[in-house]
Structure formats: structure tokens, C-alpha cells
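Enquirer: Residue strings, one per chain:
2 protein chains.
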Amino acid sequence: MKLEQEKCEQRKLIYQGNILKLFKDQVSFPDGNNSSREVVEHNGGVSVLAEDKSGKILLIRQYRYPVKEVIYEIPAGKLEIGEEVIECAARELQEETGYQAEKLEKLFEFYPTPGYSSEKIYIYQASNLSYVGQNLDEGEYIEVVPKTKTELLELFKAGKLKDSKTLIAVMYYLGDF
Amino acid sequence: MKLEQEKCEQRKLIYQGNILKLFKDQVSFPDGNNSSREVVEHNGGVSVLAEDKSGKILLIRQYRYPVKEVIYEIPAGKLEIGEEVIECAARELQEETGYQAEKLEKLFEFYPTPGYSSEKIYIYQASNLSYVGQNLDEGEYIEVVPKTKTELLELFKAGKLKDSKTLIAVMYYLGDF
Numbered sequence: 001m002k003l004e005q006e007k008c009e010q011r012k013l014i015y016q017g018n019i020l021k022l023f024k025d026q027v028s029f030p031d032g033n034n035s036s037r038e039v040v041e042h043n044g045g046v047s048v049l050a051e052d053k054s055g056k057i058l059l060i061r062q063y064r065y066p067v068k069e070v071i072y073e074i075p076a077g078k079l080e081i082g083e084e085v086i087e088c089a090a091r092e093l094q095e096e097t098g099y100q101a102e103k104l105e106k107l108f109e110f111y112p113t114p115g116y117s118s119e120k121i122y123i124y125q126a127s128n129l130s131y132v133g134q135n136l137d138e139g140e141y142i143e144v145v146p147k148t149k150t151e152l153l154e155l156f157k158a159g160k161l162k163d164s165k166t167l168i169a170v171m172y173y174l175g176d177f
Numbered sequence: 001m002k003l004e005q006e007k008c009e010q011r012k013l014i015y016q017g018n019i020l021k022l023f024k025d026q027v028s029f030p031d032g033n034n035s036s037r038e039v040v041e042h043n044g045g046v047s048v049l050a051e052d053k054s055g056k057i058l059l060i061r062q063y064r065y066p067v068k069e070v071i072y073e074i075p076a077g078k079l080e081i082g083e084e085v086i087e088c089a090a091r092e093l094q095e096e097t098g099y100q101a102e103k104l105e106k107l108f109e110f111y112p113t114p115g116y117s118s119e120k121i122y123i124y125q126a127s128n129l130s131y132v133g134q135n136l137d138e139g140e141y142i143e144v145v146p147k148t149k150t151e152l153l154e155l156f157k158a159g160k161l162k163d164s165k166t167l168i169a170v171m172y173y174l175g176d177f
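So the protein lines, in turn, are chains Y and C.
Count the first sequence with the working numbering and you get residues 1 to 177, in order.
Count the second sequence with the working numbering and you get residues 1 to 177, in order.
Here chain Y stands alone, though its shape is the one from the complex (with noise of 0.2 Å):
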């Protein structure tokens, strides 16, 4: 059987969000068995790799409240609608970290969770940085925290990046590949 050949077979909407849709879809495989599948629907997010001038990456902290913690992330932000990815990774720089980049350049595009959302993550990687102002949208609170090529490491060898973009960029500036 070919792995591609799952259709929807009928899709109902049960809820149109801020931030997502839910989806429930009937599906049919070519086999003859049926499904369902709970699909949220989400217009994708843009993070960004920044360097500054000290040669630290720009991480940020910032509670999240549906795991309830406070961890380190790259900066990031949702993609809206009609917006090209490389204008999201600039703005979404300039509003949580103040920082302008001359190059922007796309490293990444991954799924975080692709067994019920199609959310995708890019990660681009931001260069020759100069400052021009924090600009947060309204309840935003973040502390930026730039860290040393070290401080990074340590950070990840003690578990405590846990943000999939921010272990993807971390270990892409950390690895030798």
C-alpha cells in the first residue's frame, strides 16, 4: 500500500480560535478501513537564531501557560496571515528583542508536532545586528538573556532547553555539521 493514500473523507470544524482551528475528519485508506482524525489547524510560527555584537545568542524567557514553566526560547512568532516568513523572523526579532538583523537566512522548516497539527516552525539565522527597541505586543512579558557559546552548552548538557525550535538552533550553533 502506499503510505500517501489516507483521504478525508468529510471534515467538521469544531472550533475557530484566535490562534488555531480544531478540525475532526472522517479518513478512508485504500485498504477499506476507516478513521477519524482531531487536526489542529495553525498558521505556523518563524524563530530566529540571532548573534549579537559580544557573540551571544539572544535567548529570551517567558512563561508558557499550558506547560507552566518559565523556559528559554529562541524569539518566535506566530506567522500571520498573507506574511512572508523572512518579514515575520525580522519583526518577531525587533518586537521581543530590540534588535534589527542586515542578513536574515533561512536554516530550518520542521513540523513540531505533525501527528495532529499542522503547525510549521521555521528557524532562520539573524547577523550583523544593531539596536533599535523592544516593541512587545500587549500581554507579552519576556526577559532577553544573551548567552555565551559556553553558557549554551551548559544549558543544554543540564536539560534545560526544552523548546523544540530552541534545541534545534541551540545544537545547530553548538554542533559541528
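Hints listed in this document are in silico derivations from the structure and should not be mistaken for laboratory results.
Don't take each hint at face value.
Mimicking BS3-like on lysine-lysine, the simulated pairs with C-alpha atoms at most 25 Å apart in a straight line are [what the hints assert, rightly or not]: (1) 120/C x 21/Y; (2) 106/Y x 120/Y; (3) 78/Y x 160/C; (4) 12/C x 78/Y; (5) 120/Y x 24/Y; (6) 21/Y x 21/C; (7) 157/C x 149/Y; (8) 24/C x 21/Y; (9) 78/Y x 162/C; (10) 24/Y x 21/C; (11) 24/C x 12/Y.
Taking CB as the label site, the calculated pair distances span [to be verified]: (12) 135/C x 14/Y: 29 to 35 Å; (13) 105/C x 175/Y: 30 to 36 Å; (14) 144/Y x 35/C: 20 to 26 Å; (15) 175/C x 8/Y: 36 to 42 Å; (16) 100/C x 26/Y: 21 to 27 Å; (17) 151/Y x 7/C: 51 to 57 Å; (18) 153/C x 144/Y: 30 to 36 Å; (19) 86/Y x 26/C: 33 to 39 Å; (20) 33/C x 147/Y: 47 to 53 Å; (21) 17/Y x 135/C: 34 to 40 Å; (22) 131/C x 8/Y: 23 to 29 Å; (23) 85/Y x 144/C: 42 to 48 Å; (24) 100/C x 87/Y: 47 to 53 Å.
C-beta: ideal position from N, C-alpha, C; glycine also.
Dock chain C against the given chain Y, drawing on the hints supplied.
Expert: Frame of chain Y; chain C shown alone:
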């Protein structure tokens, strides 16, 4: 302001599904602001970086309906309520690849998408494998594709590893941390 002090004032269950629950919560901040949060509650997932006796890493290929794509992943599955994490790792490895591991060691626990989901994913490392036979769940169509270190590096460099847990596990395996 302490980053921790975001409080739930009211919780409304929007939908209770098979693999997730969706809530809409009203929250308050100590500065007097209020906001709402859409939160997916998920019981968590367990994944396994497993090396077979020939030194190959067991990847699987699987159609992921939410992203409409066949992607490479390490073996993984949902944590059942009340199940020990390490037992889930052993169970999913055997169900999806047919292998039992003599040794299972925790490498990571991380949040794939902490902005809207409580889900935590664990990554275990499995060694000393022996083949006992695959045992897929109904509605699971999976191809097991063992990969050498060189092949994994090629897949990584070509951007063909798109799943968060798989990227983290493979970068850990390839990198020198």
C-alpha cells in the same frame, strides 16, 4: 514583574477528543491586564533513537495527515494515561519496528509547541536490539527504513528531516556534544 505570575481565572472545555482536549482559558497578569489562551491538553509522547546490530538508526516513514506529507520520523507514540514513560518507549519501539531493546536510556524531554499545547515529548536511546516482530495499531501504516550515519547526515543536510523529535535525536546522534 515576575514572569511566573500568569493566572487562570476561568477554564472552559471546548472539546474532548481521543488524543487531545481543547480549552479556552481566561487569564490575568499581576499588572491588571487580562487575556485569553487557547490550550491543547495532550498526554505526551515518547520516541526512541534506536541503533540496530549493523549500526543503523531505525527511522520510519509515515503519512502524517495534518501536514499532508510522508515524513521520516524516529519510532514514537502517545503516552497512555498511567503508563510509565520507559514502558511506552519499549512498547512503541516494538510495535512500530519489531525490535526489543535490552537497554533504554532517557536523552531528552522537550515541549514541541509550548505556546498552545501542554504536550511533552520524551526521547529515549535504545541499544542491544533483538527482533521479535512488528505489531502496528489499526490505522497505522508504517515503513521501517534503517539508515547509516552517512545517510542520516545526507538527509539532515538536504532538509529532509522535518519532524522535531527526529531532528533533535538525529542531531544528537550526529553531533559531538
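Enquirer: Confirm or reject each hint.
Expert: Do the hints match the structure? See the list:
1. 120/C x 21/Y: holds (21 Å)
2. 106/Y x 120/Y: Holds, because 13 Å separates the two Cα atoms, which is no more than 25 Å.
3. 78/Y x 160/C: holds (23 Å)
4. 12/C x 78/Y: It holds: about 24 Å lies between the C-alpha atoms, which stays within 25 Å.
5. 120/Y x 24/Y: holds (20 Å)
6. 21/Y x 21/C: holds (13 Å)
7. 157/C x 149/Y: holds (22 Å)
8. 24/C x 21/Y: Holds, at about 12 Å.
9. 78/Y x 162/C: holds (19 Å)
10. 24/Y x 21/C: Cα-Cα ~12 Å, so holds.
11. 24/C x 12/Y: holds (19 Å)
12. 135/C x 14/Y: 29 to 35 Å: holds (32 Å)
13. 105/C x 175/Y: 30 to 36 Å: violated (20 Å)
14. 144/Y x 35/C: 20 to 26 Å: Holds, since residue 144/Y and residue 35/C (Cβ atoms, about 21 Å apart) stay within the stated range.
15. 175/C x 8/Y: 36 to 42 Å: holds (39 Å)
16. 100/C x 26/Y: 21 to 27 Å: Once the Cβ atoms are compared, 35 Å apart, the range 21 to 27 Å for residue 26/Y and residue 100/C is violated.
17. 151/Y x 7/C: 51 to 57 Å: violated (31 Å)
18. 153/C x 144/Y: 30 to 36 Å: With Cβ atoms ~34 Å apart, the hint holds.
19. 86/Y x 26/C: 33 to 39 Å: This hint holds: roughly 35 Å between Cβ atoms.
20. 33/C x 147/Y: 47 to 53 Å: violated (29 Å)
21. 17/Y x 135/C: 34 to 40 Å: Cβ of residue 17/Y to Cβ of residue 135/C: about 37 Å, so the range 34 to 40 Å holds.
22. 131/C x 8/Y: 23 to 29 Å: violated (36 Å)
23. 85/Y x 144/C: 42 to 48 Å: violated (33 Å)
24. 100/C x 87/Y: 47 to 53 Å: holds (49 Å)
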